[in-house]
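Chain Z is already provided as a structure; the job is to place chain F on it using the hints.
Number of protein chains: 2
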Amino acid sequence: MSEYYEYELTIDKILDTGVKSFPDREIVYRDVRRYTFSSFADSVRRLMSGLKKLGVKEGETVGVIDWDTDVYLHSYYAIPMLGSVLHTVNIRYPPEIILKTILQAEDKYLIVRDEFLPLLEKAKNLLPVGMKIITYSDSKEKVRSNISDADFWELIDSSEPSEIPQVSENSRATIFFTSGTTGDPKGVWFTHRKLVLHALSVSLVGARPPLNVTTNDVYLILVPMFHVHSWGYPYVFMLSGIKYVLPGKYDYGLILKLMDKERVTFSAMVPTILYFIITHPEAQNYLHVFKRWKVIIGGSALPEGLARKAKELGITIICGYGLSETCPVLTVSYYNSLVENLDENKKFLEQITAGTPIPLVQLRIVDPVSGEEKKVNEIGEIVVRSPWLTKEYYKDPEKTKALWRGGWLHTGDLGYIDEYGYVHIVDREKDAIKSGGEFIPSLLLENVISLYPKVSQVAVVGRKDEKWGERPIAFIVPKEPITEEELRNFLLEMSNQGKIQKWWIPDKFIFIQSMPLTSTNKIDKKILRDLANKSM
Amino acid sequence: MSEYYEYELTIDKILDTGVKSFPDREIVYRDVRRYTFSSFADSVRRLMSGLKKLGVKEGETVGVIDWDTDVYLHSYYAIPMLGSVLHTVNIRYPPEIILKTILQAEDKYLIVRDEFLPLLEKAKNLLPVGMKIITYSDSKEKVRSNISDADFWELIDSSEPSEIPQVSENSRATIFFTSGTTGDPKGVWFTHRKLVLHALSVSLVGARPPLNVTTNDVYLILVPMFHVHSWGYPYVFMLSGIKYVLPGKYDYGLILKLMDKERVTFSAMVPTILYFIITHPEAQNYLHVFKRWKVIIGGSALPEGLARKAKELGITIICGYGLSETCPVLTVSYYNSLVENLDENKKFLEQITAGTPIPLVQLRIVDPVSGEEKKVNEIGEIVVRSPWLTKEYYKDPEKTKALWRGGWLHTGDLGYIDEYGYVHIVDREKDAIKSGGEFIPSLLLENVISLYPKVSQVAVVGRKDEKWGERPIAFIVPKEPITEEELRNFLLEMSNQGKIQKWWIPDKFIFIQSMPLTSTNKIDKKILRDLANKSM
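Protein chains in written order, with the numbering used here: chain Z, 700 to 1235; chain F, 700 to 1235.
It should be emphasised that the hints constitute simulated quantities derived from the structure, not laboratory data. Predicted model, so just to flag it, every value in this text is computed and none were measured.
SDA-like cross-link-like pairs, simulated, lysine to any residue; straight-line CA separation at most 20 Å: (1) Z/K1074 to F/P722; (2) Z/K1090 to F/E868; (3) F/K1163 to F/K1233.
From the derived model, a few chain F residues whose C-beta atoms are all more than 10 Å from chain Z: (4) E805; (5) P817; (6) K821; (7) S838; (8) E862; (9) R991; (10) K1045; (11) Y1093; (12) L1143; (13) P1152; (14) P1180; (15) E1192; (16) M1193; (17) S1194; (18) P1215.
Even glycine gets a Cβ: it sits at the ideal position worked out from N, Cα and C.
So that you can see chain Z by itself, here it is in the shape it has in the complex:
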């Protein structure tokens, strides 16, 4: 009998790959702790032993409630490597939703940072019987709490490095819940195989122009670790041999300091966070840092105004697109062969689209009703296939059926593919404004409004209208006082230039101090829509 080894695509292979080729590459958690890939791997294997001793078994789910810390990074490896399931708990949810997701995911263990303990202490009676809670503090001092069953650091310090058990590549590695602005959170989950293939493909496009990421770059990741695997970077950096900087809870002053000190060259984030960083009062002291900074923007569309401001600072900026359901990355706006020789401004305009499919992703624009494929520049629903899409909404066959109808994952996003092969998202299907039987692409409209110099942020939503069905209402955070009239004149001019349709111009402009945000720092259009309809 042959003893052929069936190589499975499991998370331990990523760790092994990183450690073997980049043993002394660093992982930095704020100014709190530093690891090399090698010492980190050792620590992960000790945690595996500690978790086993505590009783964690294959197939059981372990939730984590934390900021972007070294503890979280340990969990990204140790838990799946045991054959257990990592539940990245969304800490931006209201407490009752957090508890609901913990119950839904059937967490048997929770790893909790000390500052989140009050939340659990209050809800103690609602936690499942037998659940074990592992607590920790940054200082490694033992946490005093009557609901703590074990100390995270002690689990590591009192254990020998574990052997690596054989795990099936098709077993579940992670679970988390989509932000659910449209109803109850839905669970999505991913296998080892999906995470490994996603990391390979995302690594590959990072090296393409204009980012040209190499092993000498330094990541500081600004996508929360509870948010779709931080877009895969906790695995990508290890596979790619790149130094990794963890910022903890986002404090933009500290982030600027970290970027300087650790020589950060690369980050990924939602537009709001880019906005916070480059408009930070201390930003002027970090211009040298911005000059070497490469940024991938995703999560929501990047307004052209913000993109130009970033470009002026010397930041190289591209965009990506994906969903919780898609692991997440589907497209990135690296230069394909059609764009690489365009002039700088045209290239830039493609860079700030949602991008072009990354290796192994198949993407189509289809008619939301008939399913027929659309032509270049025609708006329709984005549907996809790739090796890393969620198989289902956890225990929800009804919604799963809708998600996967016709053998394609339905993103629920409306968009088109331009003549260069780049995707433009014009709307979430649920945010779409339908007026007089026609769609008004709110993201496109917002983009044009954002070009007005006095506009800081903008969001357009639909308000019910007896005559037209819906009409657009714009919410504006101004940089300096603006009148409705000057904005309307600006948009008329834009419509004369052919950039928008005249009938898209919003019926009303509402000026507010700041945008309501979802748990993942995107503008919460549900709240704005409610507001718009109440203000009729």
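Below, chain F without anything else, positioned relative to chain Z:
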């Protein structure tokens, strides 16, 4: 019921990835024909239809007898994409062995370039009953032969593009035979999944320093397409979006012209071919081409002398290592974190080792007898695991068992891992010279001899010796006349400097005009060993 789409890692996904993002990227076959990725994919899909019409079915094997042409490249895609199996026939074998491999692989169809037809016409009666032969000429003129059943170009021109059938990622995509210098050729085969994962990992390391390959590079591949998938590049270039140049039959004058005209920046080859190119009479006219040239050397060890000569010409050179059994790539000498900050000369010395594992490869040095893992710098047998190793020797359970003993693929190569994590091959186990109970690492010894300025090429083999078991004999191709005495003095000096052991110095130096080569252009040590033993 959910219509979840189980995404399989199949060859069609590589083609789709290339075409979607790099539709106008070029494929060039000599000065004969040019394609874009897009027109090539269309042509592949027409060929699929043509082959189906001819009767080619899922699971059936199609052999190809050809140089590195556009026809061969079609076959790399169209045949596996039908669910059929591509047999890359080794045309460097003697005719009777070629026939043997065709029978062993159970080829039902053969695609044959016109100039190879005489070989088959002579052996007509030995071909399996019912075998169909597809012929072609470069000029697209129909080939006159009474054994031709179809014309390749007609299959394409008379067909509509085929749909892409669903193929399992675990089905066989390719088969070929190892060069078998030690006996009968052994068949190895690879699934779609293995080829896709190999292409992903090889693409990833290409982007690392010092090569820094990007989508703007231009490959000219100098690894024959019958030889271990041309090291995977016929898939890598498409996945990576890189222009691809096919040289046909290797004519070094023409290759130099092509490199200039097509602005080639990147190639892979065995050392012998690098030697032929840089010592070509016209090489002096192409110095500007060498200056931008990045080269991966594999197949056999790169002598330091040749490497330094290439470096002087401005060629960026790194090495790789792998076997027919391993798809082939296992290691590449990109810069890992331990090497990237060394001084230039130390870096260079690591660049010309066999390299460090590429992503997902696990590699160990073990004692050939006990299987115990060796320490840094200790010589032992190289054993590996990766997602792209052959599952077996085709229909040879005995040899398969030996290949896979203990759950690791045994390479049969002796080597060690240095303190930076780079593999040094010191010998093929079968080429090893055992003298007085100790190994003389012939590759290391050859390397030192190659440093003597008057030496052009060198190979050291063992000659039977009554007292010592074996003693080393050196075969030398001189640049200018050398005496045995001056070489012996040089090696004594090297031994004084601690570079070799004194007792390694060969008993005899035999000066020859050129090295005998195997079918894959490596130095044929079997012939030299026979010669050494006859010359006693």
